[in-house]
Every structure is written in C-alpha cells, then in structure tokens.
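Participant: In case you want the letters, here they are:
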Amino acid sequence: DAGITQSPRHKVTETGTPVTLRCHQTENHRYMYWYRQDPGHGLRLIHYSYGVKDTDKGEVSDGYSVSRSKTEDFLLTLESATSSQTSVYFCAISGGQGASPLHFGNGTRLTVT
Amino acid sequence: GENVEQHPSTLSVQEGDSAVIKCTYSDSASNYFPWYKQELGKRPQLIIDIRSNVGEKKDQRIAVTLNKTAKHFSLHITETQPEDSAVYFCAANYGGSQGNLIFGKGTKLSVKP
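As given, the protein sequences belong to chains L and C, one line each in that order. Count the first sequence with my numbering and you get residues 1358 to 1470, in order. Count the second sequence with my numbering and you get residues 171 to 283, in order.
Simulated pairs of lysine to any residue, SDA-like, Cα-Cα distance not exceeding 25 Å: (1) L/Lys1368 / C/Glu209; (2) C/Lys275 / L/Val1445; (3) C/Lys275 / L/Arg1366; (4) C/Lys212 / L/Asn1463; (5) C/Lys275 / L/Thr1468; (6) C/Lys238 / L/Pro1458; (7) C/Lys192 / L/Arg1401; (8) L/Lys1414 / L/Ser1437; (9) C/Lys212 / L/Glu1384; (10) L/Lys1427 / C/Gly269; (11) C/Lys207 / L/Arg1466; (12) C/Lys207 / L/Glu1416; (13) C/Lys241 / L/Gln1454.
What the simulated footprint calls covered on chain L by chain C, stretch by stretch (three residues with Cβ under 8 Å from a Cβ of chain C suffice, anywhere in the stretch; the number is not a length): (14) 1396-1410; (15) 1444-1458; (16) 1461-1467.
In case anyone wonders, no lab produced these hints; they're calculated from the structure. The structure displayed is predicted, hence computed values, not measured ones. Every residue, glycine too, gets a C-beta built ideally from N, C-alpha and C.
Given these sequences and hints, build the entire structure.
Facilitator: Written out as structure tokens, the structure is:
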C-alpha cells in the first residue's frame, strides 16, 4: 500500500471553529489531492497540489484552503467549520496528474456540531 | 459541465452471477478511466483502469470495456463472490492527461450467498 497517513482519523468540532486536517506521504509523489465523500455524491475534489506551494481549486473548494510547504505534507483547513462540512475526507496521491492512478489514505471522519 | 454518470446506484446479484456497472462521460478529451472498490469503512482502492487507446482490459474475474464514440465505459465482474460486495466508483479525467479525475456517485454491489 502507498505510504499515506491522514490525521486525525476522527474529529468532532463546533460550528465556527477552524479545523486543519493533515496528509503525510512517504512516496515522494508530486501530486496530492483532498476529496470529500458524502452519501449520494461520491468523491468530490476540494483542492489539489502539483508541487510545493503549488495548489489549485477543485469542484467544491468554497470554505476550504490548503497549503503544501513540503513535498510530503498537504494540509486542508476549514476556515470556519459549518455543519455542511460534516463528511469523510480522503487524501490521495499520484505520480502524475489526470492519467495516473490515485492512491487514497484511510480518511478522516469530521463531524461539525 | 464536468460529470460522470454511473448506473445503477445499487445492484444485487446471486453468488456466481455476473455484475455490470456502466458509466458515461461528456468530455471527448478524457483518456483515462479507472475503477475503484470501497469496502465498508475503508478507503477506495484501484481495481482496474483503462486508457482511451484500448477497448477492453481484463484482470481475472474483472474486465472493463470502453466505447469512445458513445462516451461510455463499463465494469464487468464474472462469477461474483460475497467478497465482491462493496461500493464501486468509476472515474474519468476531464481535460485529458492534465485534468483531474471526476468520480461517479458509486454503485453499491451486494452479492448474496
């Protein structure tokens, strides 16, 4: 399995608080992604990174920001958590962009109360 | 817009029967079509993928077919087993090799012993 670690695995937070999720990889892959998974919606891309300090928005980026200061770490921040951001968040890595397989982390279950 | 339609949303088969899941895409530049399997509470894992220069690909009991003209691709599982029970996601890259993967909403496959 690809070396991807997400932390925390579970988190409960209150509406309006900031939250940061971490993805750490040991594969030295250039591309890293954050997806959210919700029932009936499948996997939706939030943000992605194509290199250190190089990031771009996905299809559901509102209310989220990301940072990548090192190849191995990709952080997702919910600036002011809302109940609609209750979801399971998956980090993924890839050696290439759209024509390469994604390898997913184990996910973070976030509950916003 | 960017969209991958996946059908059916649920599928129930008897052990030993075949299962077929179909997906359609709209971007003629799409050239990579992976399939992921997600068991309950686990991460999505790549099971097979196909590129646009190939019409069919097989790996033991699973196969994927691609019809570029009609813009659809299908997953075929033969001789289904209870351990095939999971949610299956198709995906396509929008914008070609420099685009990101867009996922279908998933098919929950149940294989009855």
